[in-house]
Each structure stands twice: as C-alpha cells, then as structure tokens.
Amino acid sequence: MAGFLARESTVAPAGYNRFLVPPAALAVHLSIGQAYAFSPFNLPMTRLLGITTSAPGDWNLPELGWIFSIAIVFLGLSAAVFGRWVEQVGPRMAMFTAALCFSGGFMVSAIGVQMHQLSLIYLGYGVLGGCGLGIGYISPVSTLIKWFPDRPGMATGMAIMGFGGGALIASPLEVTLMDYFKSATSTGVLQTFLTMGAVYLVFMLIGAYFVRVPAAGWLPAGYVAPTRSSSMITHANVEVDEALKTPQFYLLWGVLCLNVTAGIGVLGQASPMIQEMFPGRVTPLAAAGFVGLLSLFNMGGRFVWSSISDMIGRKNTYRIFFALGFVLYALVPTTGRMGSVSLFVAGFAIILSMYGGGFATIPAYLRDMFGTMQVGAIHGRLLTAWSTAGVLGPVLVNYIREYQINNGVPKAEAYSVTMYIMAGLLLIGFACNQAVKAVNSKHHFHGKVEQ
Amino acid sequence: MSAKFIFLWLLVGIPLVWGVVQTLYAVRQLFS
Numbered sequence: 001m002a003g004f005l006a007r008e009s010t011v012a013p014a015g016y017n018r019f020l021v022p023p024a025a026l027a028v029h030l031s032i033g034q035a036y037a038f039s040p041f042n043l044p045m046t047r048l049l050g051i052t053t054s055a056p057g058d059w060n061l062p063e064l065g066w067i068f069s070i071a072i073v074f075l076g077l078s079a080a081v082f083g084r085w086v087e088q089v090g091p092r093m094a095m096f097t098a099a100l101c102f103s104g105g106f107m108v109s110a111i112g113v114q115m116h117q118l119s120l121i122y123l124g125y126g127v128l129g130g131c132g133l134g135i136g137y138i139s140p141v142s143t144l145i146k147w148f149p150d151r152p153g154m155a156t157g158m159a160i161m162g163f164g165g166g167a168l169i170a171s172p173l174e175v176t177l178m179d180y181f182k183s184a185t186s187t188g189v190l191q192t193f194l195t196m197g198a199v200y201l202v203f204m205l206i207g208a209y210f211v212r213v214p215a216a217g218w219l220p221a222g223y224v225a226p227t228r229s230s231s232m233i234t235h236a237n238v239e240v241d242e243a244l245k246t247p248q249f250y251l252l253w254g255v256l257c258l259n260v261t262a263g264i265g266v267l268g269q270a271s272p273m274i275q276e277m278f279p280g281r282v283t284p285l286a287a288a289g290f291v292g293l294l295s296l297f298n299m300g301g302r303f304v305w306s307s308i309s310d311m312i313g314r315k316n317t318y319r320i321f322f323a324l325g326f327v328l329y330a331l332v333p334t335t336g337r338m339g340s341v342s343l344f345v346a347g348f349a350i351i352l353s354m355y356g357g358g359f360a361t362i363p364a365y366l367r368d369m370f371g372t373m374q375v376g377a378i379h380g381r382l383l384t385a386w387s388t389a390g391v392l393g394p395v396l397v398n399y400i401r402e403y404q405i406n407n408g409v410p411k412a413e414a415y416s417v418t419m420y421i422m423a424g425l426l427l428i429g430f431a432c433n434q435a436v437k438a439v440n441s442k443h444h445f446h447g448k449v450e451q
Numbered sequence: 452m453s454a455k456f457i458f459l460w461l462l463v464g465i466p467l468v469w470g471v472v473q474t475l476y477a478v479r480q481l482f483s
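Listed in order, the protein sequences are those of chains U and X.
Position 34, counted from 1, in the first sequence is what my numbering calls 34; the numbers after and before it change by one each time, with no gaps.
Just so we're on the same page, my numbering is the position in the second sequence counted from 1, plus 451.
So that you can see chain X by itself, here it is in the shape it has in the complex (with noise of 0.2 Å):
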C-alpha cells in the first residue's frame, strides 16, 4: 500500500467515523 492510498483512505475515512460516531451516540436515545 502506497503512502498516497492510506493518506487518501484516512482522509475520507476519519471523518465518516467520526459521524457515524456521533449519530450513534444520538441513536442511543432511542433505545435507552
């Protein structure tokens, strides 16, 4: 794997789990 691969992955990648992260945390709501 190329440096430009992971850089462009993780660049894409960090942020999406990080949204994925807090709407998980909003669905919790809804269950708790």
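Here chain U stands alone, though its shape is the one from the complex (with noise of 0.2 Å):
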C-alpha cells in the first residue's frame, strides 16, 4: 500500500496525457470546496433535539459558526505545516491523506450529532476535516505546475476553480439530502454527513488513484524554455526555509492577504448588504440569487485570470486585482445612492472574480519567483494569509457595520465606510505588489533539483 502510495509509483511513462492530470486534481478540490457550503448545515443544526423548533439544550448559531472556522484556521496551519512533507510524499499520498481527513471529519460530526456533543464536531469537521482542507487544497498545486510549465497560471487555476465549484455542488447536496433523509424523529443531518464522508471518500481516492507527476527532465512536445531570461520568472529555485528569509514571501503574502480580505467580507455579509443597501427592492430570495452569481463569478475568475495571467504576466495580472478593486469598491456606495442595483450587482460581480483570481495565480506567482522545486511547501506556508483574511475580512465588515448603525447611520449607508476602507487595503495591495521584485540570487538553491 505504501508503495503504491509513494511518489516513485506515480511517476508517468512516456507519451502520458498530461490533460488526464487537471481532472484528478479538480476531484480532490471540488471535495473540499464544500468547506465554503457548511452554512447549509447551521439552521438544522439547531434543532437536533426539537427536530422541528430549538428544543433547551440546542446549540445556537454562534456556537455552529466557530465549526467554519476551524476548519479554515486548522486549513492554513496544515497548508503550512504539511507543505514540505507533501513535496517529499508527492500528490497520490498526499491526496489519500486529505481524503482521510475530510472524509473521517464528517465521520466524527456524525458521532458528535449522534450524542450531541458540540466539541466533537469542532474535533472532527474543525480539526480533521482543516487538515484535509489543507492538505488537500496544496496536493496538486506543484504536480500541475511541473506538468503544464507553459501554462502554470491555467492549470492550477484549473483546480482552485474546482475549489470554487464545489460550494456549487456541496449547497443543493445537502439541502436535497437533509430533505431525504429528514423525518419525524431526525433532522437528516447525521445521514447526511454520514453519506457525504463516504461520498467524498471514494471521489478523492480516484482523484488520487489517476494522479501522476511527469518523469524528470520531461517537457510538453514542441515547448521551448524560453531563452530570453526575465526578472520576473527565474529559472532558479529557492528552498521553502529560504524563502521565507526574502522580502518577496512577505510581499505576497500581504497581496494573497489584502485581496482575500476585501473579497472574504463581502462574500459572507453579500444577502444582508444588498437588502440593506436597497431596502423594500430586493427579496431574500433575490438577495439568495446575489449570493449565487458571486459564486459563479467567483469560480470563474479563478479560471479566467489565472489563464490571463499566463499572457500578461502576474505583476500585472494583481495590479489589474487592486487598481480595478480599488474604483469599484469606492464607487459601491455611489451605486447605492444612485439606486442602482443592477450596477451595485455588476460591480461585486468583477469584485468576486478577482478574489477567486487572486487566490488562483497565487501559486504561479510563487512558481515565477521560487521556482518550481518547492512551489507547493511555499504555497502552503503562504496560506496563512488566507487564514488571517478569514477573520479579517469579516470582522471589518461586520463590526464596522454595527458601529455605524449604533452611532445612528441608517442601514442602507452603513456599508459606506467599509468600503472606503476595502478600497485603502487594495491600495496597499498594490504598493506590496509593486515592491515585487525578483529574488536575490543568494537566495537559490545549488544542489540537486530532484523531480
């Protein structure tokens, strides 16, 4: 078993589709992008005793929202943790390690639903299904850069939009399963997680079966290394200790920070804002759609920049992210006041697909300034910005909101402040981004690049 596991197994022969790699990696990442679907969950998770009413004893909402942070906290510690151990391992036994995790997290929720026991779920979906989110999300990302060195921005954005996806898939899941499964005496919750473990499980490990990395020294036919050496993609490769002693591991870790956190606020408040902003025009079940075409223009993004990324470059690509984030996010409340929601919706729509592309160039940003060697161990310890984002983000966005209601600014203007303060964070994303600069040779690694 561990030696089929094990990176020497995976290695493909000559002539290997390189195209059979994107689909194995996007079945690990449409798994775990359930993470962003958890909140499907919370309202049934509070009448687990009353069944159809909060019965005493129940949990409460803020007590289930600590179980989506967990696991995002316990995603970036484990990226971080786990990054070098992955590149030694390779993806097949990285990948049958996240499914473990993410399948056992929703195994221990279901015990914890079972005998009601709150901390339980906190352990299993929190802290083992974080790792599996950790682990899982970094997996692929070094394997598609070696595979598509042509095309690195594509090919990993590929998979991260498999993250995006699987909130897409994981929402009416659930709610279709809990449906099925929900009776006089259960909510169907613990069915539900019961049959998502196993779910997940078996589409991961096929993930994992097809994975292969490509033999040393392999190119795609006809590509040419380009010749022509540019600052800002070296052909070097900086080990991952040695990359956090540059100034350009800190410097993107601010960008990945900066523009999650403007993105990360919006998309977790987007059905209470735009009913706010525009009270008596739009429904719940409208603002419910809004929440939809974020997400669809957040999956898409992923695909679309990172692919953009690769033409024009990443620099580029994020001051495109931060220039063009910074006017719309400062125009937000002129729509507002204008009424407009058509503009107000157009507007977030461009905000949200530059979230998700920032999260996917991200790595081929890291692969154009470290190299390829140890891309997937420095994209894992960089995702503790995402982390840091994920509490960021919200709470600027919602005790910002409740200040300003409490000193007496009508709801609908409430967000005006927020936005202006999103605005200066993508400010100072740009200037981290422009302070770029390729990495000083001292910092490369002389030995022996293994594959």
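Don't take each hint at face value.
[As the list claims (entries may be wrong)] Label pairs and their calculated CB-CB ranges:
id : chain 1 : residue 1 : chain 2 : residue 2 : range
1  : U       : Ser69     : X       : Arg479    : 26 to 36 Å
2  : X       : Gly464    : U       : Phe181    : 25 to 35 Å
3  : U       : Leu61     : X       : Ser483    : 26 to 36 Å
4  : X       : Arg479    : U       : Ala2      : 48 to 58 Å
5  : U       : Leu285    : X       : Val468    : 21 to 31 Å
6  : U       : Lys448    : X       : Arg479    : 53 to 63 Å
[To be verified] These stretches of chain U come out as covered by chain X in the derived footprint (C-beta under 8 Å, 3 or more residues):
id : region
7  : 16-29
8  : 291-304
What the hints contain is simulated information worked out from the structure, not anything from laboratory work.
Cβ atoms here follow ideal geometry from the backbone N, Cα and C, with glycine treated the same way.
Please assemble the complex out of the two chains, which come individually in their own frames, going by the hints.
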C-alpha cells in the first residue's frame, strides 16, 4: 500500500496525456470546496433535539459558526505545517491523506451529532476536516505546475476553480440529502454527514489513483523553455525555509491577504448587505440569487484570471486586481445612493471574480519567484494569509457596520465606510505588489533538484 | 481520446455542471 502511494509509483510513463492530471486534481478540489457550503447545516443543527424548533439544550448559531472558522484556521495551519511533507511524499499520498482526513471529519462529526457533543464536531469537521482541506488544497499544485510549464496559471487555476465550484455542488446536495433523510425523529443531518463523508472519500480516492507526476526532465512536446531571461520569472529554485527569508514571500503574503480580506468580508455578508442597501427592492430570494451569482463569478474568475496571467504576467494581473478593485469599492456607496441595483451587482461580480482570481494566480506567481522545486510547500506557508484574512475580512465588515448603526447611521449607508476601508486596503495591496522584484540570487538553491 | 480521459472529465464535469445549473436557478430570482 505504502509503495503504491509513494511518489515513485506515480511517475508517468512516456506519452502520458497530461490533461488527465487536471481532472484528478479537480476531484480533490471539488470535494474540499464543500467547506464554503457548510451554512445549509447551521439551521437544522440548531434543532437536533427539538427537530421542528430549537429545544432547550440545542446548539445556537454563534456556537455553530465556530465549526467553519476552526476548519479555515486548520486549513491554513496544516498547509503551512505539512507543505514540505506533501512535496516529499508526492501528490498521491497527500491526496490519500487529505481524503481520509476530510472524510473522517464528516464521520467524527456524525458521531458528534449522534451524541450531541459539539466539541466532537469542532474536532471532527474543524480540526480533522480542516487538515484535510489544507493538505488537499496544496497537494496538486506543484504537480500541475510541473506538467504545464507553458501554462502554469491556467493549470493551477483549473484546480483552484474546483474549490470555488465545490460549494456550488455541495450546497444543493446538502439540502437535497437532508430533505431525503429527514423524518419525525431526525433532521437528516447525521445521515447527510455519513453520506457526504462516504461520497467524498470515493471521489477523492479516484483523484489520488489517477494523479501522476512527470518523469524527471519531462517537457511538453514542442515546448521550448524561454531562452530570453525575464527578471520576473526565475529559472532557479529556492527552498521553502530560504523563501521565508526573502522580502518577496512577505510581500506576496500581503498581496494575498489584502486581496482575500476585501472579498471574503463581502462574500459572508452579501445577502444582508444587498437587502439593506436597497431596502424594499431586493427580497431575500433575490438576495440568495445575488449570492449565487457571486459564487459563479468567484469560480469563473479563478480560471479566467489565472489563464490571463499566463499572457500578461502575474504582476500585471495583480495590478489590475488592486487598481480596478479600488475603483469599484470606492464606487459601491455611489451605486447605493443612485439606487442602481444592476450597477451594484455588476461591480461586486467583477470584485468577486478578482477575489477568486487572486487565489488561483498566486501559485504561478510563487513559481515565477521561487521556482518549481518546493512551490507547493511555499504555497502552503503562504496560505496562512488566507486564515488571517478569514478573520480580518468579516470582522471589518461586521463590526464597522454595527458601529455605524449604533451611532445612528441608516442601514442603507452603514456599509459606506467599510467599502472605503476595503478600497484603502487594496491600495496597500497595490503597493506590496509594486514592491515585488526578482529574488536575490544568494537565496537560490545550488544542489541537485529532485523531480 | 482514451476511455480514461472521458471517464475522468465526466466524473468532475457532471457534478460541476449540475451545481452551476442549480446556482443559475437561484440567480434567476435576482432578475425576476
């Protein structure tokens, strides 16, 4: 078993079709993307004892909100801690481990539901599942970059698009399953956890089975590595610990963190925000449609922007994200005052496409800066920026809105200050991106590079 | 195209298209 999972067993034979690797990576990312669709469980989980209404002893929403937060924190932590291990053992072992953790998280949580122990759900979905998220997220990154040296942005963007798409699948699937399993004595959460754990285990293991790494020295047919040296695309490699000693790592950390902070706060508050900014004009049902539209642009932006970055370069792509994002955030309060729902929706659709694009383009940016040797491990360390933004973004949006309303600002205008702060954050992100230069050659690795 | 290629792309494509269609159905409410 250990031999089958080892990196050596995954080396592709000559003539292997490299377009088999993206769907294998997608099988993992479409599964773990479920994390963004945990909210359909929240209300039924407040009625586990009472079934139809909350009974004494049932959990409340703030308590349940911690499940997602713990999972995202452990996503960042596990990606950072296990990044080097993922590089060492290869993608199949990493995907296999991610499948066991993510699926195991659902199983342990099902026991937590059965015993009505919230701590077991924190431990199951939050800690164990969160580790599955982190390891699964980074597992195919360096493999895809090695298979697609001609289009690294598009290749990683395709996989990371799956993380956005996973929520689109999981959300209706959860509602359908809970509806199917619910009865007079059950909300259906327990059975849905068990079913999803089993389905995701199989789906992710199929991805692990089919993933392959290219043989040492392999290059796509007809591909000639660019001979013209570009200062922003290195041919050298930097080790993960050495990368942490470079200013580029921290600048890119800031780039990711600020881009995500601006988007994640809006994503979490999209439904109430559009209803409050256009009172009486946007119904809760239409607001749900707005959230769906943002999810589609979040997913599509991952593929489109990362593919564009292969043509115009990573630095230029992030220049667009920050400059256009700044303009759009600064204009949001104006669209609210104008009463233009369509302009408001269009603005946020573009903002969310760039939010997704930021996630999807960062692995290729890291590859350009630090080479392919340990790009997965470096990406893992950088994902702590996501964990930070996951706390910072919602806090900025929620607390500033609350403060404004408490000080007598009408609800329709309570988001204006937040939008201007977001625009300011994007300006700082623009400055971080501008400061990114090629890594000093003293950090380059000079040993034998293993594939 | 090999059977493996078709199987893998259908495996990820079908759920993804299903999810997108479900979401578009919700999006329709925004414009109705």
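Consistency of the hints with the structure:
For Ser69(U) paired with Arg479(X), a C-beta distance near 32 Å keeps the hint of 26 to 36 Å intact. Range check, Gly464(X) to Phe181(U): Cβ separation about 27 Å, and the 25 to 35 Å hint holds. Range check, Leu61(U) to Ser483(X): about 29 Å between beta-carbon atoms, so the 26 to 36 Å window is met. Distance hint for Arg479(X) and Ala2(U): a CB-CB separation of about 50 Å, consistent with the stated range 48 to 58 Å.
With their beta carbons about 23 Å apart, Leu285(U) and Val468(X) fall inside the hinted range of 21 to 31 Å. The beta-carbon spacing between Lys448(U) and Arg479(X), approximately 57 Å, falls within the hinted interval of 53 to 63 Å. Coverage of the region 16-29 of chain U by chain X holds. Counting CB-CB distances below 8 Å, 7 residues qualify, and the rule asks for three or more. Only residues whose beta carbon comes within less than 8 Å of a beta carbon in chain X count, and the region 291-304 of chain U has 5; three or more means the coverage holds.
Violated hints for the displayed structure: none, as all numbered hints are satisfied.
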